[in-house]
Every structure is written in C-alpha cells, then in structure tokens.
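There are 2 protein chains.
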Amino acid sequence: MTKPDVLRKIAARLRIHSLRMTTRAGSGHPTTCLSMADLAACLFFSEMRYNVADPEDWGNDEFVLSKGHAAPILWAAYAEAGIIPEEELLDLRKISSRLEGHPTPRMSWVKAATGSLGQGLSVGVGIALAQRLGCSPGRTFVLMGDGECAEGAVWEAAAAAAHFSLKNLVAVVDVNRLGQSEATSLGHDLGSYARRFRAFGWTAHTVNGHDIPAILEVLLKTRRSVGPTVVLAKTVKGKGVSFLEDLNGWHGKPLKEQELPKALQEIGQMPEVDSKKWVRPPLKARRPGGKNAFDLERTAFAEKTATRLAYGIGLEKLGRVNERVVVLDGDVKNSTYAEKFFEAFPKRSFQSYIAEQNMVGMGIGLSAKGYIPFIATFAAFLTRAHDQIRMAAYSFSNLKLCGSHVGVSIGEDGPSQMGLEDMAVFRPIPGCVVLYPSDAFSAEACVENAARYQGLSYIRTTRPATPLLYSNTELFPIGGSKVLRRGDGDAATVIAAGITVYEALKAHEELKKEEIGLRVVDAYSIQPLDKETIVREAAQTGGRVVVVEDHFPAGGLGEAVAASLAGGARLVHLCVRELPRSGKPDELLAAYGISASHIVRAVKGLLQP
Amino acid sequence: MTKPDVLRKIAARLRIHSLRMTTRAGSGHPTTCLSMADLAACLFFSEMRYNVADPEDWGNDEFVLSKGHAAPILWAAYAEAGIIPEEELLDLRKISSRLEGHPTPRMSWVKAATGSLGQGLSVGVGIALAQRLGCSPGRTFVLMGDGECAEGAVWEAAAAAAHFSLKNLVAVVDVNRLGQSEATSLGHDLGSYARRFRAFGWTAHTVNGHDIPAILEVLLKTRRSVGPTVVLAKTVKGKGVSFLEDLNGWHGKPLKEQELPKALQEIGQMPEVDSKKWVRPPLKARRPGGKNAFDLERTAFAEKTATRLAYGIGLEKLGRVNERVVVLDGDVKNSTYAEKFFEAFPKRSFQSYIAEQNMVGMGIGLSAKGYIPFIATFAAFLTRAHDQIRMAAYSFSNLKLCGSHVGVSIGEDGPSQMGLEDMAVFRPIPGCVVLYPSDAFSAEACVENAARYQGLSYIRTTRPATPLLYSNTELFPIGGSKVLRRGDGDAATVIAAGITVYEALKAHEELKKEEIGLRVVDAYSIQPLDKETIVREAAQTGGRVVVVEDHFPAGGLGEAVAASLAGGARLVHLCVRELPRSGKPDELLAAYGISASHIVRAVKGLLQP
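Heads up: the protein sequence lines correspond to chains A and U, in order. Residue 101 is where the first sequence starts when you use the working numbering, and the numbers rise one by one after that. Residue 101 is where the second sequence starts when you use the working numbering, and the numbers rise one by one after that.
Isolated chain A, as found in the complex:
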C-alpha cells in the first residue's frame, strides 16, 4: 500500500470519527472538519514528528489548531495516533470530558486554547521562538481557517514571523471558501492570499487540499524554507458528503441521527489501517536547563522613583537569576522600562512593535513551552489584547503582564493614553493576580512575586515618580496589604493603591490637624484582596470606609472592596467618574475627585450623623 493510499484511509477514518462524534454530541462543526481531513492526515501521519508517549518531549513538532471549532478532528487525530482511546471520542463536549467543544489544554497535547479565531498564528510564532531559543529541532505547524485570515492579529503574527525569520514555522490555511454566515470575502481566490503572505515576507505555496500526493509534496518543500512558509490549500467544506459539500448554512451544525447513515455510506466503510504506525518520532532533544530562581537581590532605592522604572530594574535582576524569563515589548520599552531587560538579555527579548495582540499571543506560545514571559505596554493598550488575555486564561498560561501609565495621573497626554479600565480587564479572570505597587520597593517586590506565581498575573505601574514608603527588606506577599497609618480611635479607614496612597497620606495629615484619625491601607494586592485586613480595619474604624483609586468606577479596587465588605461597612468610593481630558497630573487628580481634599471631604461626610 502506498503512503497516499494509507493517508487516504486515515483521512476517511478522521471524517467518519468527526461525523459520528458531532452527531452523538448533538452540536459541533463537522463540515469544517471534513474540509481539513486530508490535510490533517498528511500532517499527523506523515509530516509532523512527535513522541506519542510524551507531549512535553522537547524534540516534538508542535501543532496549533487555530480554527478551534474543528476540535473533533483534532481529537480524532489523537485517537488515531494512539494518544487517546478511540471510545473516548464519543464523550465529545460532555461536562466530564477533556474533549471540549473547542480545544483547551485540559487535553494535554493542546498547547493553547483556541476558538477565538485569528489567534493561533501568534501562538505558533511564540512556540517557534521557544523552540529556537531552546535549540529544539522541532517545528511548529498552525492550521488556520480562511475566514479567520480577516483578523488583523493574523497579519501581526505574519509580520512577526517574517521579522524573526522563523523557518521552523509552517502555517496551513484550509481555504474552504465558506464562513459562518456567508462566503468569505476572498472565496477561493488563493492568489490573493498568497500575495498577502508574500508581501508580509512569507514563502507561500498553493495546493489542492484534497490531493494527498500534492499535499505531501508541498509539505516536503516547507522543510527547506529560509523563513516562515504558508501552505494555502483549496478545499471544499463538507468534503466527502454530497449533501454538505460547499453549501452555505451547514456551519456549526451536526448531522441528525437519521442523516448520519447516508453520510457515512458516502464516505464508505471505516477503512482498516493502523494509523499509529505512521506517526514519525521526533529527533532527540533535551529541554534546556539553566538558572531557574526567583530571589532577586532587592535594590536599595534612595530617592523618589517611578514604579515603572522599578519594574524595569526588577525585571533585569530577575533575568539574571532566571533563564526562563523572556520579555516582550510593543515598542514602548523606554516607557515601561522593559528596555533594562532588552539591553541586558537581547536573546531573550522579543520586539513585537505596535502589535499588542500578537505580543500576548506570542507570550502564550512561549509560556506553553515553559518560558515565563513578561509583557508590558501602556495599560490602556493592553485592552487591544483583551481577547488574547482572555484566551491566555483558558490556556492556563503563565503570563506576567504589566500595564504602565495608569490613570489620570499620566497627565497631559490625555485620555487615549490613560489606563482607566485595566483592573476591570484582569480582575474578572479567575485566578488572575492583580498587583498595584505604590513605591519602587513594592514594585520590585511585585516583579519577584508575580514571577514566582504560577498563572496569569498583572502589575499596574504609574508614570510619575513617587516617594519611597518601604524598604528593600519589606515583603509584599500576594494577597497582602500594608496598614500605613493606624491610631487608637481612628475615625475611618481609607483604602488606596498606587498613586492614591500618597493622596491618602496627605489626607491623613490634613485630618490630623483637626484631630481626626484616619487609618490608611495600601491595598497593593488588588486580587486576591486582603479581605481579612480590610474587614478588620473597617470594623475598628466604626464601619466607615473610603476607597480612592485612579480608575473608572467599575471593576477596580472600589468594587472589590464593596464586594469584600458585603454589607459590613459604609463605603464611599472615589474614582474617575467622567471621561477625562489632558492636563497636569495634580490638576487631574483634583478635577476628577481623587485627591487628598476629596478624601478629607468623604471622611467628614461619613462622620456626619
């Protein structure tokens, strides 16, 4: 039996599995599986090299299913490879199953969750960078849909792959012409796709995606590439079943039980073939070792210092003790101070230019291969990558994000540059740590603690330099807080973080003149919040609490405190309640109601009977 004959049989098996699984589940996307079945057979059972016994084998080729709605055929391929039992396929989409509707790393061969389209190529770029950094002989294959090529993130990733000359990256686009609700803009115009990829610096091949010898030939060519390569495969959605082929209206619809036999009849009997035998094992490779510590030599800051600068200083120190740490920038490294790391460790520094989505997507890929990516830009611009951040959570990624230039305190650059919703991006994510240091000592400590934490974390840094409050021996555990001012008979507690800690301290001084005691809490750990301290301090100060933050009303510290108190105290929430404008930092803190004088007024208000 020739190899194409074998692969045709495997492709038929993949089609049959996909149809059966989705009909059994009563939902799913069989037609998008059918269009890519021949491509999947050639990739998983001829071109790709992997160790079926170990998804973490450092020699493995990696696979990212960017068109995540084709999950059934991915699970089917792993079943054919002997990685999961065939009978498990019928558990697709059950609440108890690792075989979800769209891939997640609950199934251990999945390196990143997909299902929000147009993200897989960035993840692939990150994985390919990790393979190169760690001297893996493996390559990375990303299977994409044509519809998702409308997403700009694809072109950010394409530009990055060419910029990094990633010859170990292969994209395969299943050009099946049909989107969810109508035909794609380019239809079967493979020439247009090829011109676009070539203009972005790729080698592009076109092929009939159902002609197995032709697919094998073109995949062979990808091994000799000097940079990233794309295979543009012309396919038919629903291929193999006459009443599904190339028809609109079948996206995301399984066959009904009574329709299934007719479809299976057209594909023919389940072919006999031992697919496992055709998996190519990887080349031998060893995961890189290297320093892997987290204990920073903490800096003895001597004068007022911006937390963003302390972040950069801490990052560079972390790089010295931990070789798994990598840093990504979106061309603002002189503002976030990631440049400290870039200068010290150029090989572990990756410039994403002004392409935040791809920056986070690359981070997901690097994290999937065991690196610890620190990713910083202006907090406002992290909203650009909100969808990637969301998917990083479902990918169980170990990303360390940092948003600088938060709040109105940035001043004259104006609202487009102010991070005023960033806490509301990160706080909803279960398990995401959110840290908001006020001074340089706490900022550097936050870098260390974020690195040590396994999972998503976010550090919020401030533009202006702020006075020193702590020392380089002070610890800032995740979930903690600092009570900065405490007196017997304090009238109220003010809970602040970052820049507003200084306003709270000023308010404390103001009120002291009038013999009103104000307890001041630095809630540097926004999430998890130090509920115990907050509840206790609130209770000790007559249940009078003021929260003051340089953030919009929803989703930030104020609502976190309100939720924590759950009714146990009277709360006044000072925050930015209007769309702000350009101005000087102090003017803006005053104009938007988050300055010391507003705190003083709020405390006095709470003291009114």
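Any given hint could be a false lead.
Treat identical chains as interchangeable: a pair holds within one or across any two.
[Unchecked claim] No more than 20 Å apart at the CA atoms, straight line, and that leaves these computed lysine to aspartate or glutamate pairs for EDC-like:
(1) Lys353 x Asp154
(2) Lys447 x Glu282
(3) Lys440 x Glu282
(4) Lys103 x Asp395
(5) Lys109 x Glu366
(6) Lys109 x Asp311
(7) Lys376 x Glu186
(8) Lys613 x Asp346
(9) Lys194 x Glu687
(10) Lys606 x Glu687
(11) Lys377 x Asp157
(12) Lys109 x Asp395
(13) Lys321 x Glu188
(14) Lys631 x Glu423
(15) Lys194 x Glu678
(16) Lys194 x Glu372
(17) Lys684 x Asp191
(18) Lys684 x Glu188
(19) Lys377 x Glu357
(20) Lys103 x Glu372
(21) Lys194 x Asp686
(22) Lys194 x Glu366
Worth flagging that the hints you see were computed from the coordinates, not collected in a lab.
With chain A held as given, fit chain U onto it using these hints.
Positioned in the frame of chain A, the structure of chain U alone reads:
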C-alpha cells in the same frame, strides 16, 4: 508665487507652530509633526475641500489623524485655516483647552478620538461608507504613521476598504522610519509597504514626503482611483531641524526653552502667507433626510424566544422607522440575528467578516457622520475590540453594541465562546448604558431604548430560548428594574438579570414550599442600575440580598449592586468563579453555582442567625 512656494511657506509655519506649542506645553511629540508638515500643508491647503465655517457641511472632505500624537500640527493646520485663533495654539494640553495632547472631538473638527494607534483607518472606512451612503461628494483622508502599520487593525481596515471599493478613501502614510523606542521593522522600505497595500487590494503610490510638487502630483492621482488609494511618503522624523532629523531618542520629547531658538533659526522666520486663502471650499451637498423615528411596533411574541432573536426582530423593525440606523456584522449574523436587518436593508448593512476591531472602528466613523450603528457579535469576541470601544467613548460615538452568547448558559461550545467578562468591558465606561434583557419582550424594548439613547450602549443577549415574562406593552426604561415577585414579609431579595432571572423564579417557587418569601428583581438595566429600587427592596427584606449572574465575579451585576448598597445590606454574590468548560447549559449553571438550588441555599444561609 507658485503653489509649491506657498505650500512650502505654510509647511514652515506648521513646523514653527508645532515646535513652539510643544515647548510651551512642556510635553508632546514635535518630531512626528515635523515629518508630516509638508504632507499636511498639501492636504489642508491644496487637496482637501472643506467649509471652514461648518465642520458638519455634508460636502466636506474629512480628515482623520490616525497618528494622534501629532495633534499639535493638526491644531496648527486648523489655526492656519482660520478655524481656531492662532493664539489659542499655546493652550495646547492645558486642562481648560480643547486642544488636547491627542485629538478628541472636544475640538469640533475632530470626528474621532485618536491616540491609540492603528485605529484611524477603520474610522476612515466608516466615514467613507457614510459619505457614499449619504451621497456626499466628499472624500476621506487618513494620515497614518508607519509604526502603527504593525497593528493588525490597519489590515482589517485595508481589507474592508478594498472589499467596499472605497474610491473616496485616501490613506497617507508618513513613513518616517522611527518608532517610539527604536526603528520600525520595515524602516524606509516603501516597497514592502506598497506590496502589502496592493496585496490587500489598494492602489499604492510612493513619494518623497518632503517634495511638495511630487506630493501634489500624487494626490492628484488619488482623485482618479477606482478603489482605495494609499500614498506612501518617505519622510524624515524631525525634518527641518538638524539636531532632531532621523535620530532615535526624540520621540515624545519637546524641545527645552533654550533649545527652541536654535531650532526656529534653522527653519527660518515665520513666513508671511495668508494660508486661509488656499483652503478649497467643498462642493455643495445636502445631508440626507429620511425617516428618523424610534417607536417600534412591538411584537406580540407568543412562545419562548431567545433574546438574541428578539434583538434581531427589533432591529429590523427599527430599520423600518429609522433610516439612520445601520448594522455591522462580524460574520455571525445568523447567530446574533442581525441577519434580519441584513435581509431587509442590504444597503445599510455592512459585513466586516471576522474582524471585530475594524467593525467597531467603522461604526465610529459611521456614527461621526450621523448614522446610528448597531454592532453585534458574540459578547466574548467584543473583547477583541475593547480598545476601539474605549476610543469610541472618547469619540462620543453613538454606537449600539450587542453581545450575544453570554455566560456558561451557551453550553457545549465551551469557554472560548462564553461572554463572561463583557459587563466588565462596558460598565467602566462613564455614560455607557448596559442592558440585559431576560425575555423577548424586554429584549425588543431594549433595542428601541438603546437607539433612542444618545451615546454608547450595550445589550447583552442570551443563546437559549427563554420563556415570556412580560408583554409588548410593558416599558423598560433605561435605569429601571422590574420586581417580579413580592410578598409581605419576604425574607430576602434576589437580584438577577437575563438567564438567572429564571433561576431566581424557580428558587422563589422552591422557597415558597417552605413558606419563605423571596422577592425577585429583574435588573435588566445593569447600568445605570435602579439603585432606588434595590436599596428599597433590600431594606424591606431585612437587608438580605442575593445577586446571581452568569458572569465572572468582577465588574458585573454583583459588584454593581455591592457598590450601590454601599454597606446597607448583607450580600451574597453568586457568579462564575472558575474557568468553565464545555457541557449542557443546565449542567453548567449547576456546576458553577448560579442555579436555583444555589439561590435557595444562599437565602437560607442569610437567614441563619
């Protein structure tokens, strides 16, 4: 004096203004103004046609400064055109000034806020579509930076402009080679930029961006284009000042007071020229009239109906009475039911394919020209456009967003498709209305009320069909709520919205069997929240409140209620606290703790002494 001589003088004036303004302000981006000064002179004083007396003149050419950090030269151009007094330029970046650090529509000629890079082209596409729809003779010019071409959103917009054959759209890219922190990836390789735009279906011209006759010639060519045209201009950052020209490290830095004279000396004395005389007036045009009502003929729904379907039905009815309504889709119109409008009003329907950023950006442009864009996709995928949504707020856009498929109640498709953070995207935005209907009647009413509201609004719709609770005569004012169950001596209040209203009603029935009264509030207006009712019902039920929502913990209904109560009640918050997985909707509501039985348990917990 020849026209190029005049324009050279105007360009010198623009450079001098830009340097003076930023030095006076003590911050800003003069070097990026200098690179585009010759382009700006040619655009504002030769190529573009506009009525200096009326920024709303329907015949005007429109201008979008996508590289918003070059705001000073935009203000300078308006001063030269006689639109703003020259002396006002020195108010740049003051808190009292409309001349902000990055452009916002506080200055009436600015159609959309810019400053988050890579968004202007989408806005331009939207404006150009509006001009075509409204039979304006005007064209749209978008001035972009080269650095921002790394943003994927640029390529989404490029694809859309070609798809819509927008011959009235001209992009000018100021290729000055330098980004913020280093050189761009492509540097001065204009050929690469040209290949990319051409591959995306554009006509591309390259030009020396400091050669005024050459610029004029190429701009003349743009008038004869069959589709969108880009002018790629090779420029020098800091052009005109020897110690700034083409040097890294000067991004975002104004000259110091003592450096300014030397720079001004190099440019020469302020040339005498009456720039105003050179503005070309627009062709005559009348803003389109047409129906402009909001009163829908409400549907007499007769059986359980998904709120997303009712949204689509309402949208189609709105289209009948209001010709300003336009609808944008991201290839999910058969899921969001925007297809109802697409089928009825194809000319006012715009397909953005799977490119959510561009979809929202186009909406900003359409809104700027007076249209009312309704934009829907899966709520989860609106996170993709979070940065554009943020900028829509600063643009004072009248966008009506809708997110379907919210929460774990979507079921088997799994977490990547579940909108669980969408309320935390919209609630932070000051003035943004957030509506979350539970049944078809309320959903249709929300469409009407969102349309009537001037400003950003968001409607959250549910995938499964839900029973009818109301009638087609019931009103659902913004800021209201509905008390669905109320009895004397109710033990607690449950506040729910959308799918969880039904769980609350089931809990009410359960508890009734045990003679425990449960008040049920449908908080369909998430923002503004009906505080008065919530505080009152909480007080009447012993201060015992349960909130239940199909959303992550932060930024949603639970925290909104906690903030509203501000200590006036004991609160239990039921929401999705883990990263969810695929499963059946009912299984998932139960697994993640937001089902009727959890409400029953929470109420009983509150009743414990």
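Going through the hints against the structure:
Taking identical chains as interchangeable, the C-alpha atoms of Lys353 and Asp154 are never at most 20 Å apart, the minima being 34 Å within one chain and 53 Å between chains. When the C-alpha separation of Lys447 and Glu282 is checked against a cutoff of 20 Å, the pair qualifies only between copies, where the shortest distance is 17 Å, while the shortest distance within a copy is 45 Å. Taking CA atoms no more than 20 Å apart as the test, Lys440 paired with Glu282 passes between copies only; the shortest distance there is 14 Å, against 49 Å inside one copy. Taking the closest pair of Cα atoms, Lys103 and Asp395 never come within 20 Å of each other, the shortest separation being 54 Å inside a single copy and 66 Å across copies.
With identical chains, the CA atoms of Lys109 and Glu366 are at most 20 Å apart within one copy only, with a shortest distance of 14 Å there and 75 Å across copies. Taking the shortest Cα distances, Lys109 and Asp311 sit within 20 Å of each other inside one copy (13 Å), while across copies they are farther apart (64 Å). Taking the closest pair of Cα atoms, Lys376 and Glu186 come within 20 Å of each other only inside a single copy of the chain (12 Å); across copies the shortest separation is 77 Å, beyond that limit. For a Cα distance limit of 20 Å, the shortest separation of Lys613 from Asp346 qualifies neither inside one copy, at 79 Å, nor across copies, at 55 Å.
In this homomeric assembly, Lys194 and Glu687 come within 20 Å of each other (Cα to Cα) only across copies, at 10 Å, whereas the closest approach inside a single copy is 56 Å. Taking the shortest Cα distances, Lys606 and Glu687 sit within 20 Å of each other inside one copy (16 Å), while across copies they are farther apart (52 Å). In this assembly of identical chains, Lys377 and Asp157 lie within 20 Å of each other by CA distance solely inside one copy; the values are 19 Å within and 72 Å between copies. Proximity of Lys109 and Asp395 under a CA criterion of 20 Å is satisfied in neither setting, with 55 Å inside one chain copy and 60 Å between copies.
For a Cα distance limit of 20 Å, the shortest separation of Lys321 from Glu188 qualifies neither inside one copy, at 35 Å, nor across copies, at 63 Å. In this homomeric assembly, Lys631 and Glu423 never come within 20 Å of each other (Cα to Cα): the closest approach is 35 Å inside a single copy and 52 Å across copies. In this assembly of identical chains, Lys194 and Glu678 lie within 20 Å of each other by CA distance solely across copies; the values are 17 Å between and 45 Å within a copy. Proximity of Lys194 and Glu372 under a CA criterion of 20 Å is satisfied in neither setting, with 28 Å inside one chain copy and 77 Å between copies.
Taking the shortest Cα distances, Lys684 and Asp191 sit within 20 Å of each other only across copies (13 Å), while inside one copy they are farther apart (60 Å). For the homomeric pair Lys684 and Glu188, the shortest alpha-carbon distance between copies (18 Å) is at most 20 Å, but the shortest distance inside one copy (62 Å) is not. In this assembly of identical chains, the alpha carbons of Lys377 and Glu357 never lie at most 20 Å apart, being 32 Å within a copy and 75 Å across copies at closest. In the homo-oligomer, the alpha carbons of Lys103 and Glu372 lie at most 20 Å apart inside one protomer (14 Å), although the nearest pairing across protomers, at 80 Å, exceeds that limit.
In this homomeric assembly, Lys194 and Asp686 come within 20 Å of each other (Cα to Cα) only across copies, at 12 Å, whereas the closest approach inside a single copy is 55 Å. Taking the shortest Cα distances, Lys194 and Glu366 never come within 20 Å of each other, neither inside one copy (28 Å) nor across copies (73 Å).
Checked against the numbered hints above, the structure violates hints 1, 4, 8, 12, 13, 14, 16, 19 and 22; every other hint is satisfied.
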